[in-house]
Structure formats: structure tokens, C-alpha cells
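Asks: When you get a sec, could you build the whole thing from the sequences and use the hints?
Residue numbers (this note's numbering), protein chains in the order written: chain A, 1 to 442; chain B, 1001 to 1272.
Rather than coming from a laboratory, the hints here were simulated on the basis of the structure.
Predicted model only: the values in this text are computed from it and were never measured.
Backbone N, C-alpha and C define an ideal beta-carbon position, used for all residues, glycine too.
Just to be clear, a hint being listed does not mean it is correct.
Said to hold, decoys possible - What the simulated footprint calls covered on chain A by chain B, stretch by stretch (three residues with Cβ under 8 Å from a Cβ of chain B suffice, anywhere in the stretch; the number is not a length): (1) 30–43; (2) 374–380.
Stated by the list, open to error - In the DSS-like style, the derived pairs of lysine-lysine whose C-alpha atoms are separated by at most 25 Å in a straight line are: (3) Lys426/A / Lys1166/B; (4) Lys54/A / Lys42/A; (5) Lys91/A / Lys143/A; (6) Lys194/A / Lys373/A; (7) Lys143/A / Lys84/A; (8) Lys1029/B / Lys1166/B; (9) Lys287/A / Lys297/A; (10) Lys1182/B / Lys155/A; (11) Lys431/A / Lys1166/B; (12) Lys204/A / Lys373/A; (13) Lys423/A / Lys112/A; (14) Lys112/A / Lys143/A; (15) Lys243/A / Lys208/A; (16) Lys431/A / Lys117/A; (17) Lys332/A / Lys1091/B; (18) Lys412/A / Lys118/A; (19) Lys426/A / Lys1182/B; (20) Lys1182/B / Lys431/A; (21) Lys4/A / Lys84/A; (22) Lys3/A / Lys84/A; (23) Lys423/A / Lys1091/B; (24) Lys412/A / Lys140/A; (25) Lys117/A / Lys140/A; (26) Lys423/A / Lys1182/B; (27) Lys373/A / Lys243/A; (28) Lys229/A / Lys1029/B; (29) Lys412/A / Lys112/A.
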Amino acid sequence: MLKKLNKLFSSIRLTIFLFLSLAVTSIMGTIIQQGLPVERYKALYSPNLYSALKFFNVFDMYHSSWFTALLILLSINIIVCTSKQIPRTIKLISTKKKEIADTVFRSLQIRKTFQSKKELPEIERQSEILIQSLVGNPVKRVKDGTSYFFSETGKYSRLGMILVHISILLILAGGVIGTMLGFNGQMNIVEGNKSNTVILFGEKGPEKLSFEVRCDDFDVEFYETGMPKEYKTDLTIIDDGEKVVSGVMRVNHPFVYRGLKFCQATYGVAGETDFLIGARNNQTGKKTVLKLNVMKKTALPESNNSFAIARFVQNQNSMGPSVLGVFLEPGKAHDIFWIFQNGRNTNQQQKGGFTFTLEDFNTLYYTGIQVSKDPGVPLVWIGFCLILIGFVLSLFFTHKRIWLRISGSQEKYEISIAAGVSKNRKTFEDKLEGLIREITVE
Amino acid sequence: MNDTFLISIVTFAYFFAAFVFLVSIVLHKKPVDKCALIITVAGLTLQTSAIIMRWIHSYQLGIGHAPLSNFYESLVFFSWSIVFVYLIMRKRYRNSLFGMLAAFFAFLILAYASLSGSVNCAIQPLIPALQSNWLISHVISCFLAYACFVIAFGTSLLYLLKIKIKVAVLPDASFLDEVTYKMISIGFVLLTVGIITGAAWADRAWGRYWGWDPKETWSLITWLIYGAFLHTHLARGWRGVRMSLVSIIGFIAVIFTYLGVNYVLSGLHSYF
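Replies: Shown next as C-alpha cells:
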């Protein structure tokens, strides 16, 4: 049983199966949108299909138990394969008694044997050149009248693949830690307000922070096209009722506090305040600027009448921002009318001997903050760095080793070559053939 | 002079280069291959100047950013990458056929970028989410990876032609197989770099390095397919037709990651 399991988890077949299963199921996860509200799914699918998909947790499939199981199987697969690979690699790169070895002339992939009638010093000289140009500086050993040459380079490139696989395990471990101990959600705070509640993604409910976040100010700049150019929020952290730290959060420049990352994700208009309404007396020509908020009544100058704003509209009749004004005359029913900027539509803005204009107003924004905590991130970064080192080792370096043995005696020396390369075998062999031809030529 | 005008000259140059490479294959003459190479290098030089010009021009417009930020710019850089990767691989695998493939793919992409009405070639201001130092490294590594996969796709098709229809002018099947493997292994590493830089960027922008949005997921799917390719090649010694098919499937995944996600699915990468 144990043997069978060992065989299963050390097989590449399993790896391929898991790779393809992960790929195919991931495709499903991109076709069926993830994390939508329940009502949307109910509208999209028939009740039976909905229950089936719900049963297999397809609406949050990347966090489902079966998807996690695939990742766990993959991890075990990597652990078993790598732990078998490590002793082999150590054996391969350890330098013990390498110079003199007769077995390699039978075991290595690349083997050549040929004869030469040249003098021994000449053969040795040419052999050294051959090894030098193929691999590197040779070491010479003589045993029982037989000369051995040996050279090796790039043996640490063999560690590359091990490093890559260990990195993948680290990244997966980082992911597990993040899922178990971290969270990810959003908080919207209107300028001037504070909050400690993060609405978690994936219908997991709110998360209360141990401190409060206050949005001191929100700023947005626009391009001429009306597209946002930059937006940023001034934040203050309030812990135990005391201001702790303030900072700026911009898109791509998060604000970090106690391991929590606050990212500027979105923004929106929460409302308008501080309307400035110009009221010009038609007889005297005197203009007074009234400052007021929605549904707050104010008295008009030199008159018994008063004025209020009922509501604000961003773009009334394509004539720009506008407020619905209310004119109140004692003893009469109130009169409502639209007020635009710059007196764009003056007829309608005249009431009780006054001409009203919308001078200015303040837009109140809310800032959309994506809040995340992920203690697994350092592990993931280490994994990312190591995987790159691993790839560089195995991609840009080749493990090459070569043995050359000169045996026999005068007039009939036998030269044997054995070599092994971790990649580009064909190029190596072609070069070797060429160099051998140079030695054998009279 | 306008950078889009230069690009139209480059488009023509790549078409011409592909044609001269074809002549070189038919005539089997080295000087002709050299000629095609010169045209290709000239095209790439001109294209590089056009990209730099566009970069400078964006600063003159007051919306300065690297020209790697919308669909048109990505197409131009994609074709640049294919030719660039070809010139690098040419040092080891010198073959007019690959030159023809690379120049022709580059031509097709540029022609689509210039002629398709749906591709807007204007320099657009950069939305805040794209204003990041990660943009350049992320886009470059991804598109160099895509370019390697395009060439691997080409050599896989040639392999199938060689085996199934026995086209004589094609190089050895084992040679084509080796080139496919080499391009995929380099592309795989570059794709890994692309995914990592993307993850680092996502962590800065949204506070999470991985969020299973369709673009991210499809890049993982592509990675898994080519990962499977490398495992079967290295550990199980798969060669030949089966590998060509895996390479072609991988390429379909690349195209879907690049285009399909934007046109078919919805996600955070909607601007690209």
C-alpha cells in the first residue's frame, strides 16, 4: 500500500494529470463568473443547475475543497519527487574521487574510443586542448601507467530545478497562510468620516478592525478628456481614540499600517454641500451670495421671503449642474424652479424680484479602499525570488563533465572519452567529434 | 513625422522580408538570406525608433508614459518582440524558414493594428491604475514570452507538415522538435517572470498578489499547459507529434490570455 502510494506520488503522470485538471477547472472558473451575488446566479441558471453548481461550490471554486485538494495533491507530488531528486543531485555534484573512475567509460551517455600512433606528450597536449575547449581546465592523474584527465563545470546548475520546485511549494504555502490568516475586503469612507468596518469579498460579512481609519481629504484630478488622472486620499489612523499616524494613499501606492495594506481602489460622489447661490435684486441690481445646504431655509435680503434648495442634479436637461430651488412667500404655496450656473436659463430663475444663479458648490467624495491582510506574502516573495534564481541556474548554466583516459603503449595508444552534459547534448557531441578528428589526424 | 506612419513602413518592410526569406528558402542561396536579414534588421530599427518617437511624443502631449499601455501599443510591441526573439535565436538556429515565419507573423500583427478599424492608434492618457513602475517590466516579459510561444507554434506546425505531408524543403523533424522545445523553455521562464511582475504589481495596486481574475487565471492556465509540456519532454521523453499538439494547444491558450479574456470574458485587465 505504502509502496503504491509512493509510486503514485513520485510519478510524472500524476503531475501531468494535476496540471491539466487545474487548467481545465480553472477555465471553468473563468467562464462561470466568480463571487457574484446569489440572485445573479439564480437568474442565470435553472434551479437544478444552480443547486448542482452550488453543491460543488463552483461560484467560489478556487477556494472550494476539491480545488484545494488538487493543490494539496500537487504539493505532495512535488515533495515526494524533490525529496528523491535531492540525494541524486548531491551525489552528482559531490566531488569525491572523481578524477580516476573507470566505470564512467561504460555508464555515461557520451562515450568515444579511438587509437592514435602519435607520441604520448603530443596526445596529452591535444587531449588537454580538447577538454579545455569543451569543458574547462583539466586535472591530470596517473595510475598504473594510465593517464586520466578530468574536468567539470556548472555542476550547481543541477540545483536549479530543485530550487524551482521548492519555490513552488513556498508560494503554495504562502497562499495557504494568506487564505487562513488573512482577509481582503473594501471600505468606503466619506470625506471627514471614519470607519473600522471592512466588508469582506465573497459574502463573508464585515471584519472589525481594532482601530479606525479616517478619510481626511480626497482629491481627484482629471485629464481634459474627463478621464481620471490621479486620485488620492489623506488618511489618519485613530487607535484608542488617539491619532496615531497620517499618510497619503494613491493608486499603486498603498498605505500600510500594522501589516494591513490600504489600497486606493475606487472613489465616488457621496453628495454635494456648501452651495453658493447668487441672488440679484432686479430693482437695485445688488447681488447677494447665499451659502446653504440642501433643505436648509435662509431669508432673502431686504425681503420677507425666504429660499431653500430641495435637491441637486448633476446634469439637468443637458445644461450642467443644477439645483431645484424653493421660493417661500408667507401665506402662499411654495414655488419650485431650476437654477443653473452662469444664468444659462434666466427666465426660469426669476422669482419674487430676484434672479438666482448657482455660483459654486462643493462635491463630497467617498474614497473606496481595498483593505488586505496577508501574512503569507513574505513567503510568496521568497518563493518568487528563488524560482527566478532556479531558472537562471538551470537555463544559463550547463553541467558538463568529461573524463579522458590514455592507456596502452607506444605506437598504439587507446584514448577513451566519457562525457555527460545536462543539456544541449547534440551541440556538445558535434563539437567533440570535430576535436577528436583533430587528434586522430596524422 | 508621425510614429504610426513609420509603423506602416515597418509593416511593409516585414512583408518584404518574409518574401525575401521565402525566395532564400526556394533558391537555397546564402546571400538572399543575408538580404532578408538586412531588411528585417532595418524594419526592427525603424520600429524601435517609432516606439521611442511615440514615447517622446506622449511627453510632449503632457501625458507621458511608455508606449505599452493600450491595445494598439501592445500589438506593435508584440510584433517587435517576435522579430527581436527571432534575431536572438538566429545566432543558434540559423534558418530562413524561421525568419520567414517571424517576419510574416510580425507583418500580420502590424497590419491588423494599422488596418483594423477597431484598434485605436491615438496616444491616450494613462489611467491611474496603469501608472506604475511595474508596467514596463510586466509588459516586456509577457510579450517576449508570447513571442517565444509564437515561434514555437510556427515550428510545431512545420513539424506536423514535415511528418504528415512530408514537405521536402523543411528542415529535419528532430531539429524542428528541438527548436520548439528550446523556445518553449525560454518562453516559460519569461512567462513566469511576467506572472511574478504582474503579481508584484497587483499587490501594490489592489493589496493582493493573486485574485483569480480571468486574465490572471488564463496566464496560469497557459503556464500549466507549457509546464506540462516541459515535464513530459524532460521526464518522460515525449517527442514529436504529441509535443507539437501540446505546443499548439499552449499557443491557443496564449491567444486567449491576450485577446479572449478582453473580448469574451470580463475582468480587471479590461484596459489591455
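Asks: Are the hints correct? Go through all of them and say.
Replies: Each hint tested on the structure:
Note: the segment 30–43 of chain A has 4 residues with beta-carbon separation from chain B under 8 Å; the three-residue rule is met and the coverage holds. Three residues within the 8 Å Cβ limit are the bar, and the segment 374–380 of chain A against chain B gives 3, so the coverage statement holds. For the proposed pair Lys426/A and Lys1166/B, the alpha carbon gap of about 24 Å is at most 25 Å, so the pair holds. Proximity of Lys54/A to Lys42/A is assessed by CA-CA distance (about 10 Å); at most 25 Å being required, the pair is judged to hold.
With a C-alpha separation of about 24 Å, the suggested pair Lys91/A and Lys143/A falls inside the 25 Å cut-off, and the hint holds. Under the criterion of a C-alpha separation no larger than 25 Å, the hint pairing Lys194/A with Lys373/A is consistent with the structure, at around 19 Å. Taken as a hint, the Lys143/A and Lys84/A pair is broken in the structure, with Cα atoms around 35 Å apart against an allowance of 25 Å. At roughly 22 Å between alpha-carbon atoms, Lys1029/B and Lys1166/B fall within 25 Å of each other, so this suggested pair holds.
Distance hint between Lys287/A and Lys297/A is fulfilled; the C-alpha atoms sit about 19 Å from each other, no more than 25 Å. Straight-line distance between C-alpha atoms of Lys1182/B and Lys155/A comes to about 21 Å, which keeps the hinted pair within the 25 Å bound. Between Lys431/A and Lys1166/B, the direct Cα distance comes to roughly 30 Å. Violation of the 25 Å bound is thereby established for this hinted pair. Restraint check for Lys204/A and Lys373/A: satisfied, since their Cα atoms lie roughly 15 Å apart, inside the 25 Å limit.
Taking the CA atoms of Lys423/A and Lys112/A, the gap is about 18 Å. The hint holds against a cut of 25 Å. About 21 Å separates the Cα atoms of Lys112/A and Lys143/A, which keeps this hinted pair within 25 Å; it holds. Straight-line distance between C-alpha atoms of Lys243/A and Lys208/A comes to about 18 Å, which keeps the hinted pair within the 25 Å bound. Pair hint Lys431/A plus Lys117/A holds up; C-alpha atoms about 23 Å apart against a cutoff of 25 Å.
Restraint check: the Cα-Cα separation between Lys332/A and Lys1091/B comes to about 92 Å, which exceeds 25 Å; the hinted pair is violated. Between Lys412/A and Lys118/A the CA atoms are separated by roughly 8 Å; this keeps the pair inside 25 Å, and the hint holds. This hinted pair checks out: Lys426/A and Lys1182/B have alpha carbons roughly 13 Å apart, not beyond 25 Å. Distance check on the hinted pair: Lys1182/B and Lys431/A sit about 19 Å apart at the alpha-carbon level, within 25 Å; holds.
Distance hint between Lys4/A and Lys84/A is fulfilled; the C-alpha atoms sit about 16 Å from each other, no more than 25 Å. A C-alpha spacing of about 14 Å is found between Lys3/A and Lys84/A, which places the hinted pair at or below 25 Å, so the restraint holds. Distance restraint check for Lys423/A and Lys1091/B: the Cα-Cα separation of roughly 18 Å lies within the 25 Å cut-off, and the hinted pair is therefore satisfied. Between the alpha carbons of Lys412/A and Lys140/A the distance comes to roughly 21 Å, so the proposed pair stays at or under 25 Å and holds.
With a C-alpha separation of about 21 Å, the suggested pairing of Lys117/A with Lys140/A holds against the 25 Å cut-off. Straight-line distance between C-alpha atoms of Lys423/A and Lys1182/B comes to about 11 Å, which keeps the hinted pair within the 25 Å bound. The straight-line distance between the Cα atoms of Lys373/A and Lys243/A is roughly 21 Å, inside the 25 Å bound, and the hint therefore holds. Using a Cα cut-off of 25 Å, the hinted pair Lys229/A and Lys1029/B is violated, with the two alpha carbons roughly 55 Å apart.
For the proposed pair Lys412/A and Lys112/A, the alpha carbon gap of about 16 Å is at most 25 Å, so the pair holds.
Going through the hint list in order, the structure does not satisfy hints 7, 11, 17 and 28.
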